[in-house]
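Chemist: Start from the sequences and build out the full structure, keeping to the hints where you can.
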Amino acid sequence: MKSNNKFYTSDDLHLFKFAKNWKKYFSRKVSSYIKGDVLEVGPGIGSNTLFLIENAKKISSWTFAEPEKNFINELNELCSKLNFKSEVYNSTIHEVKGKFDTILYIDVLEHIPNTEKEISAIKSKLKPNGTLIVLVPAYNFLYSDFDKAVGHQKRYNKKLLVSEVDLDLIKLFYLDSLGLMASVANKFLLKKSMASKSNVLFWDRILIRASLIFDRITNFSFGKSLIGIFKN
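If you want our numbering, it's the 1-based position in the sequence shown plus 91.
In case anyone wonders, no lab produced these hints; they're calculated from the structure.
Note that CB positions come from ideal geometry on N, CA and C, so glycine has one too.
Careful: at least some of the hints might be erroneous.
Per label pair, the in silico range of CB-to-CB distance [what the hints assert, rightly or not]:
| no. | residue 1 | residue 2 | range |
| --- | --- | --- | --- |
| 1 | Phe232 | Ser151 | 40 to 48 Å |
| 2 | His185 | Asn248 | 24 to 32 Å |
| 3 | Ala276 | Ser151 | 15 to 23 Å |
| 4 | Phe232 | Lys190 | 17 to 25 Å |
| 5 | Glu168 | Ile308 | 19 to 27 Å |
| 6 | Ser254 | Arg307 | 22 to 30 Å |
| 7 | Ser289 | Ile261 | 32 to 40 Å |
| 8 | Ile304 | Gly127 | 16 to 24 Å |
| 9 | Ala276 | Gly189 | 19 to 27 Å |
| 10 | His185 | Asp259 | 18 to 26 Å |
Modeler: If you want it as structure tokens, here you go:
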């Protein structure tokens with residue numbers, strides 16, 4: 092999704108689609124809150140969607156709001172595989188019509204310079220008692236060349252996310268404790284601006300599997316990513 096003049100490229104998104112263990116992991120943590128009419132904002136090529144749907148409650152419809160026109164064909168193709176009503180907007184949330192039971196921001200909010208305007212739009216699109224699910228990169232001290240390269244405006248801690256969203260909090264927790272250590276290494280030692288396929292596969296096949304254990308041991312108290320679940 093756009094932020095200033097930088098956004099994820101198709102190459103970036105196709106690279107991270109190989110992170111299947113990660114997608115399964117975070118999706119299982121949030122899917123029980125996904126139901127009814129769903130809006131996924133900034134889905135890119137839709138590589139998270141099927142994982143999010145897999146363990147979700149009854150879904151009535153799924154709407155995509157993606158501002159990058161280069162991703163629209165892949166999203167339309169994905170829609171043809173879904174067994175419920177689906178629709179693609181080549182736009183931000185501001186142009187989407189209707190109201191929703193669930194709104195998803197998976198690795199999107201950190202790209203947006205004016206989050207106040209974005210949250211206002213979210214509130215206007217949520218049905219009464221609707222749910223907002225947000226996944227963002229954690230800890231601004233870890234902001235690195237990689238973040239800059241993919242258009243991140245910032246990273247988040249719990250206090251910042253709760254204050255920006257300003258909705259009733261249901262659940263707030265970190266994921267991927269071992270991935271956090273890798274981010275620390277990249278920030279202060281490796282200083283890479285972009286991951287390679289081998290980097291992504293090592294993280295997904297080794298570190299994520301280890302994080303499944305260590306996150307529980309540490310009670311989800313720290314990690315590379317932060318998830319917030321909020322109620323309107």
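Chemist: Run every hint past the structure and note whether it holds.
Modeler: Results for each hint:
1. Phe232 x Ser151: 40 to 48 Å: 41 Å, holds
2. His185 x Asn248: 24 to 32 Å: Holds, at about 27 Å.
3. Ala276 x Ser151: 15 to 23 Å: 44 Å, violated
4. Phe232 x Lys190: 17 to 25 Å: 38 Å, violated
5. Glu168 x Ile308: 19 to 27 Å: 41 Å, violated
6. Ser254 x Arg307: 22 to 30 Å: 28 Å, holds
7. Ser289 x Ile261: 32 to 40 Å: 37 Å, holds
8. Ile304 x Gly127: 16 to 24 Å: 34 Å, violated
9. Ala276 x Gly189: 19 to 27 Å: About 44 Å separates the Cβ atoms of Ala276 and Gly189, which means 19 to 27 Å is violated.
10. His185 x Asp259: 18 to 26 Å: Between His185 and Asp259, where Cβ atoms are some 23 Å apart, the hint holds.
Hint violations for this structure: numbers 3, 4, 5, 8 and 9, all remaining hints satisfied.
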